[in-house]
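Engineer: Here's the letter readout for the chains.
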Amino acid sequence: MAGSSTAAAPAGVGTLLPLVGKSDTKPTWCPGCGDYSVVAAVEMALKKLKIPSHEVVIVSGIGCSSNLPHFVNSYGFHGIHGRALPIAEGVRWANHGLTVIATGGDGDGFGIGCGHFVHAMRRNVDLTYVTMNNQIYGLTTGQASPTSMMGQKTKSTPTGVIENPIDPIALALASGATYVARGFSGDVKQMAELIQNGITHKGFAFVDTMSPCVTYNKINTFDWFRQRVYKLDAAGHDPTDIVAAWSRSLEWGDKIPTGLFYRTEKPTYEDLEEVLAAGPLARQPAGLSGRESILDEFL
Amino acid sequence: MVEVAVRVGGAAGDGIASVGEIVAKSFARLGLHVFGHNAYQSVIRGGHVWFQGRASTERVYSQGDGCDVVYALNPETAEIHGPSIKQGGFLVYDPEKFTIPDDRIPVGATAIKVPTLAIARKFTSQSILQNAAGLGAASYLAGLPLETIQGALADSFGKKKGEIVEWNIGASAEGYRVAREAAGREIPAIAPAGPPKLLMTGNQAIAVGAAAAGCKFLAQYPMTPASTIMHWLAAHSREVGVVVKQAEDELAAINMAIGASFGGVRSMTATSGGGFSLMVEALGMAGMSEIPLVVVESQRSGPSTGLPTKTEQGDLNLMLGAGQGEFPRAILAPSHPVEAYRATLRAFELAEEWQTPILLASDLHLSENFATVDRGEITFPTEVSSLFTVTPNGHDYLRYAYTANGVSPRSLPGQAGLQYVSGSDEHDEKGHLISDTKSGVPLWVAERTKMMNKRMHKLDGLRGATAPPYLEGPADAELTFVTWGSTLGAVRDAVKLLAARSHVTSILVSPTVYPFHGAEFLALAAGAKKLLLVEANYSGQFGRLIRAETGFDVPHKLMKFDGEPFYPMEILQKALGVLIDGGK
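One line per chain: the protein sequences are A and B, in this order.
Remember, the numbering used here sits 210 above the position in the first sequence when you count from 1.
Remember, the numbering used here sits 61 above the position in the second sequence when you count from 1.
Bear in mind the hints are in silico, worked out from the structure with no lab data behind them.
Where is the CB? At the ideal position from N, CA and C, for every residue including glycine.
Check before you lean on any hint, since a few could be wrong.
Which residues of chain B face chain A? A few of them, derived with a C-beta cut under 7 Å, are [claimed, not checked]: (1) Ser298; (2) Arg299; (3) Ala321; (4) Val445; (5) Thr498.
Extracted from the complex, chain B is given alone in its bound form (with noise of 0.2 Å):
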């Protein structure tokens, strides 16, 4: 087995990201699965970044712990993550930069001074090439074959060709030449171990999937950690033929959404916690009304403004409680972008088939952070319906009729003899308002009751229509892990790290966060020996959920909410603890 992590280091503005991207590209161009995690800050000059590459020849969930390579460009970067190198790792930095004495080289690594700016002055004036000599160096370290380094950077540079790519190139070679030499001994490269894998964030899977599923419209505000779906289809939409707009609040983007579906097109909005506040009320109206609806809402540390370049779980209240008054809805917790694709996918057929929201539940963890996903496990569904297919019924058209699973005939503007009025306000089969005139008069008191037992209903349908809970590992396992959403990636490392360890652990899963599948949950938990709740917020908002729906206490907890993903490591080391506490 392979495993290798590379982490580059510096202040923001560096480019950072872009070296961190180009080292994990590479290894998915092995066919190797790779993790990329990318940690930055709220600001668009200085402070500490940094991107890590995990690579391995076994499915990678997280960005692990610890790394083999560190590529400083700043002392704080040495200072930082100095201690995460493992025994036999590389510290590579630029002398000419800043000096480390040898006493603060981390026990079991190496120093490779790689004069990179001097690499860089061969070439140009410009500085930023220097990255591409540290770029050659740490990949050299890494055991990434030259050619594959130099194919991935060459790349990136688009279309751009001439001298800018080729000092590049020279100056990777450099960087490689030069750490080769002081590495004292031979780094075996990695073999290619299949077919080149794609490398995606969870928000490009997000964004494909969208297109993929036939969404024609997406209104989005800027917010981190949600606004580089924006970014995808804005790029590419002529090309998939999705009108994007950013509109001037999450307030119009919300409602740009709904009346686009209202007008015939599958629709989308996205956002994080504090634009998802503002449209609360809108998504309500989408609930009352019964336009299908997709909602991404991709969590990031709060409250209010909270850490905006860090993860976290904590708007599962808020996403299941949004909104006033009561009315159906589901949300997709994906944990992996393959998973974010696939749930994508999902969450425009079920807004559709229901014609209610779906929230698809994300967060920085799985937004921004790259994963490699098989060519093959995404597959484009061959045929998207038109949505005219409504068939008219002329004077007796009830756009809210009463039917078996709460689900009505949907007609589109523009269809003849199907006129209706779409109201927020509570209203009868046709569409007519039962809330003024009509409101308190016994006849209508029992309509609304009516009314409200047929959306409702709908609930029952998407607990049919979703994902149920299920248990990854065996039944037996000593310990079962009860996690959602993107923490699910890191527990999945932490079992691999606690089978090393000769414990067998497994993990119940739950795609869908709702409507809750209370009944398999309890089966599957029934039969754990013991069960720890692993989530990314203070008061355990899913095991609070498990608690409302089934009465049952998951006994253990681990909570984070420091802004930072959970490292599998930690998670092992409360397993442990568990495990050799006793107690169920």
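Chain A extracted, bound-state conformation (with noise of 0.2 Å):
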């Protein structure tokens, strides 16, 4: 593409733009989904913040929940399984002034995904983290997922699991998240709550949403967490205390907390990224035109 090497100014600034909502696909989950709750906080979140919808890059791997993209009107990169966090980073440092969300499933994140989780986290890169967790893999048709509790029989595991599951509270604390939450999909509003403060959170924001499946997750139900879930500032919890963000992620099986486990503030890889401090670097001038002695070192 030939053009004009000045950068323009993002074009419609100062101007009314649309806002971020549905786009003109309909979600395709199965009627029920635990999904629907977590869509509709995403865009209740963006919304709220009154970003234009053309600021916002939504980034998912593959699985049910990682469709989600097409059902927002913001850009979105539907990318391949595992990846949508390298993808997401990817996007944020190439314009650091966009609002990037990842999301995805539990086996997206914390199986095939799992080591760019953790390594997202130890970078406090600013982008929000959204997994919808329902402990089974539901495009594939019911196997066992990273999640999945001890002894759940599944397609894959027909006489129960039998690994630990991965607690992705717990392993985010480990990771240096610098907001860690979980949400569930019976309580949109407090779920819109949390992604939006971690949008507006500096930092890596990881809001882990047990979303149940309706179709192969007869264990994990609504019902199930409804039952269980305590929101986690009405007992108290202070979340600036980080030997109480663990202890509180431990807990899992009749009581489940949902809230803000963990924040802190420290500085982010954009911020400690020297190039970055010229500006998103989509905007930077590119090439070495008038720079030759740079070729002086080779003489």
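Two chains, each in its own frame: build the complex with the hints.
Structural biologist: If you want it as structure tokens, here you go:
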């Protein structure tokens, strides 16, 4: 593409632009799927923050929940299985003027993509990662996931799961995430708030949403969660206390905490990457024209 | 004509590469053409490593055959490289370190005993200074003026000043003096042959090329022999405005690069075969989602971990077939740093113009060896255009619109009214999935076919936009070599050796490996008297590509897969055999 070398100001700045809303594609999730609440919460959060839809990029991997970007009128990137985070990081570093949200499921994020999960958090990249955790592989029709509970019978574990599940909250705390929260699809309002605060949080915000699969997971259902969830803020949890956050993260069984586990401020990767100090990379000058002295070192 | 080669060998950790680089740089500063060959192993200390600087007043394209001076830091080096010393050459060593019986001195060579350790002790207790003394000795024997070598030696310390530099200068002068006395004859100093030349590795040329092409983002995971691309860009990151990200693995590296490209910057990743194998799935996503991407694949000996520090051209099949399904790609195969620089510029243009991954095929031999480049051969593009150039057309915007050449206007996040979802699933012109509720429905079956055709049609465009094969040498040559990538260097040197024996040969060069320019290749091959395929792998992967694309089987073949680069002499021997044996 040929064109002017001057990077134009973002189109539409200062004018009223469409906010984030539904796209012209209707969700294809099963009726009753927990993910409907998550897309609604993402939409609500972005609307409340009045971020124009063209300044938002939602990146996902593969799986039922990873179809989410198609249902929102922002920019989207529906990538390959497990790679939502590195793609989202690349988008973020190319243009850190954008709001970047990564989404996906538990298989995508904690199974095939688990390595990226840990590393994105230790980098404190300023993006929001919303996982739709249904503790099962849905799109591949019901195999065990990394968060399936011990003993759960699935197509791939007909006699029951014999591995311990990953605890995404504890893993996030251990990996240095600076905003760690859990939502539940039975409470869209709380989830929207957690996502909204995650977006405004400077640094890596992780919101693990318990988003029940109504077709393949007959154990961790909406009702199962409703009987167990309680809100951390109402219970007097101090989200600046990492030790308290650790201790709450271990609760899983009769009682399951939701809300903000932990939040802290640390420099982001973008803060520390010196090249980005000159502004979004996509709008910086490119090339070496007039910089021929750079070849002197080869003499 | 001046032609001289200096070889320095020892154990890893001895500082061989830096001594060798100073020799190579000194030749380049005299305006000579240089090829610097860095042979090392997958160890940090110990083992056997060597570096050779070969210089000539004529162009040199490979490490050549044999050498004039060997500076041996240990007895193994004398043992291994002694036989390579040419008639009238020299073997430099320190008798305090080891002895070589007279009957083990190569025939025709003179042993030059230099007390490198003793010279070092005059200045410091640090024995590493012995290298400066050895360097001085070898330099005298190679005809390098003392001030040239001392200039390069001093510069190798960068901004560091003080006694360390002075000791090195002093020790080199002492070694130079001792060699002069011991040589038994005056070695004429090489006169400057022209303005100083740049001395670069293929990877340095690729790194500079990327920055010059407007690349703003490199994500990479360390892997020999691609790592030095990351090293150069990381060292110059702020200066050239390129974000360098060492990723957690190659999966992340390529996906980050794809994300950055989607986000609006030219981006690149680089790796070797093992890492490229991990990148394969994402490569297909770039093809499917029509995202510009440059991937450097610097091959090394496989399979699996193989010989990590040795060269091979064994990944061509992998590069051709990487990814499930079919998507357009191009594979450029430079053979020399200056070609690598230009191919990198071109790769970024092609990636952006055709919105698809472009592979730059290198290998250890090109990536890590040094060659001289005339300063004028590297020019920086004056205007690297902004990518924010799409004309908004609001609700009608079709990211994957069907067009005559298969390329659709690409918007970038941040541009209002042009939002779309980039999808790895099959999609329609708008980017909507046709993989779920639409797949298999007749209307959408037809859509899938159209979308495949649109993407694959870019291959025709890429064929037209890439350099066709060409003939180097006369059309009526007795024999025509067919080769690709870095092997071209040794073939070029072999052509010169053959010419010296009154054999006129030519080379059918293929700067673009894919899309293969079949018609042009066949036209050139048809005019050849005899054809000899030379490539560094077991099965003749390029030969197979030629067969697949043209039905033509190159009749004579020279394969090598021992990890070592081709030596001109072995190509010459094979060529003589083909010439004598007859048969087309």
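Engineer: A separate judgement is required for each hint: does it hold in the structure or not?
Structural biologist: Comparing the hints with the structure gives:
Hint on B:Ser298 holds. Least Cβ distance to chain A is approximately 6 Å, under the 7 Å limit. For B:Arg299, the interface hint holds, the least distance from its beta-carbon to any beta-carbon of chain A being 6 Å, beneath 7 Å. Because the smallest distance between the Cβ of B:Ala321 and any Cβ of chain A comes to about 4 Å, under 7 Å, the interface hint for this residue holds. Checking B:Val445 against chain A by beta carbon gives a least distance of about 3 Å; that is within 7 Å, so the hint holds.
For B:Thr498, the interface hint holds, the least distance from its beta-carbon to any beta-carbon of chain A being 6 Å, beneath 7 Å.
Checked against the numbered hints given earlier, this structure breaks none of them.
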